[in-house]
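J.: Please dock the two separately framed chains into a single complex, following the hints provided.
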Amino acid sequence: MDFEHLANALTLTNLALALFGVVAGTIIGSIPGLSATMAVAVLVPITFSMEPASALILLGAIYTGAIYGGAYSAILLNTPGTPSAIATTFDGYPMAKRGDGDLAVAIACYASVFGGLVGALALLLLAPPLSSVALAFGPVEYLWLSVFGLSLIASLSTGNVLKGLAGGAFGLLLSCVGVAEISADIRLTFGSSTMIGGIEVVGALIGLYCIPVLIDMVATPERHLKVEEGGRAVRFREGAAIAWKSRFNLLRSSIIGTVIGILPGAGGSVAGLVAYSEAKRTARPGQKFGEGEPDGVMATEAANNATVGGGFIPTLVLGIPGTPPDAVILGALLVQGVRTGPTLFEGGGSIVYTFVFGLFIATILMLPTGLLIGRYAYKTIVTIPKTILVPAVGFMTIIGTFAIRNSISDVMIMIVLGTVGWVLSRFGFAASPIVLGLILGPIAEQGFVQAWIIGDATGNLAGMFFGRPISLAIIAFTILSLVYPVIQGRRARRLIKTEAGAND
Amino acid sequence: MFYLKTAKSLVIASAVSIVAATSALAFPDKSVEYIIPFGPGGESDISARFQQPYFKDKFGQDLVVSYKPGGGGAVGWAQLNSMASDGHTIMGINLPHIVIQPAEKDVGYTTEDIHTFYMFHYTPDAIVVTADSPYKTLDDLIADAKANPGAVTMAGSGKATANHLAQIRFDKLAGIKTTYVPFKGTGASTTATLGNQVKAQWGYTTVGAAQGDAVRMLAVAMEERHPLFPDVPTFKELGYEMVGGAYRGMAVPKDTPAETVQRLSDMFGEINADEAFRKQMLDGGFALLDVGIDGMDAFMAARKAEYIEAATDAGLLN
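Here the protein sequences come in this chain order: V and E.
So the first sequence is residues -18 to 485, counted in our numbering.
So the second sequence is residues 1220 to 1537, counted in our numbering.
Source of the hints: derived by calculation from the structure; they are not laboratory data.
A hint or two may mislead.
Which bits of chain V does chain E cover? Going by a derived footprint, with three or more residues having C-beta under 8 angstroms, they are [to be verified]:
| id | stretch |
| --- | --- |
| 1 | 21 to 30 |
| 2 | 116 to 124 |
| 3 | 200 to 206 |
| 4 | 255 to 263 |
| 5 | 355 to 365 |
Which bits of chain V does chain E cover? Going by a derived footprint, with three or more residues having C-beta under 8 angstroms, they are [what the hints assert, rightly or not]:
| id | stretch |
| --- | --- |
| 6 | 152 to 165 |
| 7 | 174 to 185 |
| 8 | 294 to 303 |
With a straight-line cut-off of 25 angstroms between C-alpha atoms, the simulated DMTMM-like cross-links for lysine to aspartate or glutamate are [what the hints assert, rightly or not]:
| id | chain 1 | residue 1 | chain 2 | residue 2 |
| --- | --- | --- | --- | --- |
| 9 | E | K1275 | V | E32 |
| 10 | E | K1498 | V | D166 |
| 11 | E | K1396 | V | D197 |
| 12 | E | K1277 | V | D197 |
| 13 | E | K1396 | V | E32 |
| 14 | E | K1378 | V | D437 |
| 15 | E | K1324 | V | D166 |
| 16 | E | K1391 | V | D437 |
| 17 | E | K1378 | V | E32 |
| 18 | E | K1378 | V | D197 |
| 19 | E | K1403 | V | D166 |
| 20 | E | K1365 | V | D437 |
| 21 | V | K367 | V | D166 |
| 22 | E | K1403 | V | E426 |
| 23 | E | K1403 | V | D437 |
| 24 | E | K1523 | V | D166 |
| 25 | E | K1324 | V | E426 |
| 26 | E | K1355 | E | D1450 |
Bear in mind the structure is a predicted one, so any value in this text is a computation, not a measurement.
Glycine included, every Cβ here is placed at the ideal spot set by N, Cα and C.
For reference, chain E alone in the conformation it holds in the complex (with noise of 0.2 angstroms):
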């Protein structure tokens, strides 16, 4: 008798889970485009191609990745909300940018109306410095700096950036004050402290990655070591509490109906379970990050706080 049950629920539940199967498989039934806010070639493009035949292999249709920069990306999330909501278009996103830019002025979108629906990834804020650079350890930049305020130029892609807030939280935590100095994106910054330019620069771990022996990291701002660099210590361990970076996501336009962006979340964490993924993502230097829709909404709150009071500390926001 218990083993009829079993088995008459075994038939149910899997009757259950082949209507499940089909009715999701109804999702996508044609190639999903995948908008990157951005011109192709920088890191939110670069995270995207590595998703691009993983989506295919697992869900037979084409992920499209097309462009649509303008604004530091504010030209495609004010459109976002206009696109098509059948969760065919969906639009990478970035933090801190949707929190900042709207709370620096306006610029036709507002956090909220940004319906993201997985994260997943984030590049960790380190510090590079070339490898015959005077500062072999984070305790080195911090006495320069003590020695001599504002003279130890840091450089970072843009301003009021991922790079601009880590500057300014760690000037806060170490009690130091150092020069930012902008540039356009992360290659012409790596390139300007290649070059020496500058004493040091806010990067990402994938600048440690890309640039192998060229460079050395002082810092990184994770929870635990990066595996690629088993080496570099984590701001955590050297006494600085500092977690975070630049995080990357997808959105839907925000009409798109509910289960199809709670299957879209199950589709890119599937993704991001794959193990030959995570390995390649790990390589390139990035961190891998798993926030699907249902935890969004904290996510969101918690980095929202962080980063509206390190760009209120530092007058950028007025």
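Chain V extracted, bound-state conformation (with noise of 0.2 angstroms):
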């Protein structure tokens, strides 16, 4: 590693390469079902004309733009664009209802370049021995973290937790449906061979998140956004200021993305998801997550740009693909007979450094492309009348559901969805526990029956459930995030007492 590699990341190709691919990345990303696997699949046949470093670098680029254009529509039409950006809702949208939809934008672009760079230093740094973060994970480990996953619907549900468990419980069941992944039983299809696929996560996103807030669009006389008379200086600095101040978030937050972006079972919506119930935990008094909490979306942002560079490292060290884009660009390179492995790192490092110099640069060049089509994107949806934005949107939802896997089912599948959602939200049930039931019911499965079977054969059931440090250390986790809200709640009430009773 030195110096070199920087030079060859910078010649002047590779410089158009990355902001070509930070551009595209983050257009095809903020359109809902436009995922980054979509747009680094549709891009590789152009790579192989090209040098293996700028393939990985245009790859490199387009993947991590697309992951923070999740974020526009997440934060503009509640709509995660990715399930990276599903937490990113919940503070995003608040933010843009109350007419602070740029500053959202803006800030959102400095926690992407922030955890993706954190990502790239660690995958530059680190690379081979937090490798073995992803071995260290098996099954169990894998079911835990999926109950993990799933005991934050308590704390992200406050106020309303049996609500949110059903809300999960459904989810849950949404999931079953299909061909099993691992056993290949078919479940829950009543015989119709439109839900022989499935239910797919995206398309599930998209109806429940987009389609009850086409409906109230149309339902509602009052604008979309809410927007501020008169002009308005670029929000810009005002932005970097709260960013400074949250630091810390950030950092924790870009961590808690590297690591979960090393573990290939996982993904960006776990590690939001995790980032941001961390942020809201260790809230300061005032900060009110949930109903537009800058830390809540600067959280969700740093960590899925985190796992970026986080998922790289399996990829790139062990030649197994940490992420769905990862596994494309692993294919991409085998064209192009580069073998990733421990021998890519030692040997043939040329190509690595490049490309992770090449990472760095893409996701610096973000900083400026993205608070630029940030901008463009916030003062289209918010001047852009109902009668244009409703019958857009609501044609980018089926186009966006179709194109994920050239699925009309899907389509119907993600309609009955979101007008299911719609009733379901005007019983105070919300639509994220549904999906975080739906994205982790397969990985609790997997690890459930694979667990099983490995400690039933080793005559060791109690010990591989309950046994493993990992495992108990993550144990250990769900039951704080399951406590934790009501030893808040009491330590809230005790404090208001108190303080009664010091007035008196």
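T.: Listed below in structure tokens is the structure:
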């Protein structure tokens, strides 16, 4: 590793590719349904004629951009463009509602760049040792990790834990539909071939988040987002001040994102949610998470962009894709004749280091391009009349859902789920627990089945489930996250009581 | 006179071949859509990506890879016959999937519905262990499995898949009992193996190629040793009649005209014959296969009999 690789990454071609990749990725990622995986897959054939390092830089830049782009629709339309941006909606959309959409887009950009840089730094300096994290996670650990993820429902749905849990259970049920991932059983399709493919997560996201927003847009006479009257200065600087104030949150979230990104079975959605709930748990007095708290947006966005660098760690070191887009990039590398694995870092390291520097450059380029595109996206959504916005977004949801698997069944499922989601939201059931169940259900199921088979074969079921150190640590976190809201609530009540007593 | 005759027949022959060439050139007259019924990044996708540049080079049209994942491939295959049948739409197919899935339950298609025109490679089954595994040879694994029936855990991709059928077949041949642990795809099963969550893996030669020195293959299910792994014995050499793996090919909607299907079969045969292509595939750990439309029925029948037998033995079929 030396400056030669940095120089290689800094060629005019590579810079142009990184810039193009970030811009294209941001735009693609902002459209619900057009995911990072798809953005990367579409561009793979173009990279065949390129140098391996340049190809990697282009694909990495698109990937980074797409993860950030997912924040736009999360903030401005309450629709996560990618599963990674689910937790961005919690505070991003309330911010946009009250007229702070431009600020939310700006802080999302700062957080994404920061998280991306932390992830890339880990990739550059710590890749070989960190890759062992991916191997330390066995079936049981994934089981407990997904149980931990589900326990976040408790802390995310303050006020109405019961409805949150009911939503989570509904999501788990939905995740069972179709051909089971590892047992190959066909479940809950009711004999219909439409349901055989199961419920696609991104399609469900679009339905559950976006359709209710569309219905509300039509049903209410007010503007979609509140607009400040009169011109207002660009809020880049204000955003930067907020980001600086929350630097510890940014760093913590980025580290969470990097580590979870390394786990091949988890992904950006889990990283964002864990970082969000950590930020919420350690909230300063006066911070209101879920009602437009900038720290919530920053925690999620820093974490999900950190998964980019984190995910490349097992991809490049072990030849095991950390995230779905990594799998595509791995395939492209194979066609290029580049073999990943430990030898790549030791022997043919030049490609890796050129790529890592390329990823740095792409992430830094995201700062100006992200702020500019973000401002434009905000202005468009705010100024466009509802009569155009509603059909345009509606059209996008259909195209986006169809594009995921070229499937018309997915579009029908999306519309049905969206309608169900709207009705449920009338009764106080939020979309997020349902989605959480849908995403984590298969991970939990696979982990459980595999752990059971292995434990049974080795005659040590109890030790398998409760005897492994990492599992125990995750179980402890799970209990903490379940109990903490209760303790917090009690402490708050006691505080009020003592204050009241003092005033007597 | 003789010369004249030869010259004359040459002229006729070349005229015929020109006609043949031009009518053949009419197809493909636009890009060909190559649908992979899985998500991007898997082995089906990667091997299609290998074909992609050669198709463009040789036939001047793009081979556009798209994805239609769902139901372990079933969603795509169930829709294949309702797609445009002018030869510009082809779909990747996999064995044993298209035999086992419809045999197990109603998945919206039958094996006979799939009109396969070329099988271009397979990833040979292989037993993979980590470099520091106590199993140095296949006999070590068999001895352990005999001493501790069921305690040898072996990871593989999915249930009733190539890996699973290989495990069933080998247990029967070697007279042992191992425990199969299904994972979501080869990537996940490799991760579990590298992390010592299981004792060994039913994987493919491609795993050996990707993981290099981190793993050791105990045996591969090929007729002869894979050129990339001259030191790894075949099951056959060790006395176990096992040759096979996950086979991949391409199919067309059933109404595609016979001559177009023949042409497609020839085209992909031409790609498969390309030395550079062969080398790339072998370097990736794949094993090439050249079954065109002519030999397809016999090939499919043989595979089908083999899979159904193994699956029935294991009680996977009702």
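J.: Quick one: which hint numbers does this structure break? Sort them smallest to largest.
T.: 3, 4, 5, 10, 11, 12, 13, 17, 18, 21
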